[in-house]
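Peer 1: The lines below spell out each chain.
2 protein chains.
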Amino acid sequence: MLRIVLVGIEGPVNLGVIARTCVNFNVDELYIVKPIASIEEALNYAARGRDFLLKARVTDSLEEAIKGVDLVVATSDEGYSAGDMLRQAVDLNGFAEKIFPRTRSVAILFGRESTGLTREEISKADVLVTIPANPSYPALNISQAVAIVLWELWKQRSITATNIPPLASKETLRQLLDLTVEISKLVMTTEDKITRSRILWRRILGKALLTEKEAALLRYWLQRVRRHISSDKT
Amino acid sequence: MLRIVLVGIEGPVNLGVIARTCVNFNVDELYIVKPIASIEEALNYAARGRDFLLKARVTDSLEEAIKGVDLVVATSDEGYSAGDMLRQAVDLNGFAEKIFPRTRSVAILFGRESTGLTREEISKADVLVTIPANPSYPALNISQAVAIVLWELWKQRSITATNIPPLASKETLRQLLDLTVEISKLVMTTEDKITRSRILWRRILGKALLTEKEAALLRYWLQRVRRHISSDKT
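Those protein sequence lines, which keep their order, are chains A and B.
No gaps in the numbering here: position 136 of the first sequence is 136 in our numbering, and each next residue is one more.
Quick note, our numbering runs 234 ahead of the 1-based positions in the second sequence.
It is worth saying that the hints were derived from the structure and are not from the lab.
Heads up, none of these hints are tricks.
Here are the simulated EDC-like pairs of lysine to aspartate or glutamate, each with C-alpha atoms no more than 20 Å apart in a straight line:
#, chain 1, residue 1, chain 2, residue 2
1, A, K98, A, E214
2, B, K404, A, D91
3, A, K213, B, D426
4, B, K389, A, D77
5, B, K268, B, E297
6, A, K213, B, E425
7, B, K441, A, E212
8, B, K389, A, D91
9, B, K419, A, E214
10, B, K441, A, D91
11, A, K193, B, E446
12, A, K155, B, D311
13, A, K155, A, E97
14, B, K289, B, E275
15, B, K427, A, E212
16, B, K427, A, E214
17, B, K427, B, D412
18, A, K124, A, D60
19, A, K67, A, E120
20, B, K389, A, E78
21, B, K441, A, D70
22, B, K441, A, E97
23, B, K441, B, D412
24, B, K441, A, E214
25, B, K389, A, E97
26, A, K155, B, E331
27, A, K155, B, D325
28, A, K124, A, D192
29, A, K155, B, E312
30, A, K170, A, E214
Covered by chain A, per the in silico footprint, the following chain B stretches (three or more residues, Cβ under 8 Å):
#, segment
31, 253–266
32, 415–421
Label-pair ranges, simulated between beta-carbon atoms:
#, chain 1, residue 1, chain 2, residue 2, range
33, B, R391, A, S231, 54 to 62 Å
34, B, S357, A, K34, 45 to 53 Å
35, A, T195, B, L320, 54 to 62 Å
36, B, R282, A, S230, 50 to 58 Å
37, B, T352, A, K34, 41 to 49 Å
38, B, S357, A, N26, 29 to 37 Å
39, B, Y454, A, K67, 32 to 40 Å
The beta carbon of each residue, even a glycine, is placed where N, CA and C say it ideally should be.
Extracted from the complex, chain A is given alone in its bound form (with noise of 0.2 Å):
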């Protein structure tokens, strides 16, 4: 399952043409997070997409939007910055050959025209993809961005190989991230730090694929630490 979501999309011609490649790259599902275009003339630009984009979903909140997916991405033109561990984006090339191929339901976000999306939106996901464009402009368009992030999804989802193993589940690689934010709880000398580590904790559960054979080790090899880590504390 494919879900885009928009949030607070400014301009109704770039969400009229989004509404449209949804369906040139047949996105099963559009949410809209309180966007500022309007919807009555985006319909406008939509050409045959005019039916999906009656079909979106208007929402009042990200959490709303995002809520039942298995693995949600953020984009952003600042995929990089040194220091930041919210801007470690993975390439979109990356993300569209290993990571979501892998993954039953995804929800792609895409922020504003003006100022894409916050910091607080993209820590709420678990991934964050850029489009490796030319380093002296490389902010693109959104609905551009769009149709270039389905277009390689699109590649991606006609395979369906029967020979891998299935993936964890969302539930899963929660429990997963609970158990590391206890861990750095026990061995971070500050909330700063702790906050990071989730952050990192996320990315990593993110990206790395874990089968569920994979994540019950890690569960088991996580419980062992915190139990050591603990009794250390008593």
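Given chain A's structure and the hints, the job is docking chain B onto it.
Peer 2: Chain B only, in chain A's frame:
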């Protein structure tokens, strides 16, 4: 040398956005044949592609726009019609990977929003390329089509992007693996579990595409964990 040729483009928004996309993907030249769209108006939508649009060559004929180019490529969403020699298109994938990298100078033609390229215009090209999209609605907006084609060609031209973070080195990953082994030895009860934990971590580090920044924090996290556990032992 990569040249984009827009034939009879109708919409100023499309024209502006296409100019921007050309800069995003480092196109060398833009030719505009008999435009219907106002270039003046299009400048409003070009963002930092403005100067590139101002430098575009406007011509009265397609011949002028493809003169001196090694390979002329027409594009159409009608890539295939069984009995029609003109509609025997190459898949964009095959083109970008096989044909494009072997050619010194390429002009890619995009037709009108309403009616595309005429049969006569297509017949002037060496190759017809199509984007294989949703069979029930493969017709992309022209600016989306340009974006996807440019993205595919961009990947072949291997210009190094700077908005993606550098990945951790192999040596860094090896050090991280060693750290996990040390911890496993402290917390695991059997040799077999230590061995399997090592395999697990090797896989995690192999798949997670850790950036340098992420690896540095993970190292710190593991070091903290190790210190807490070994103080427990002494």
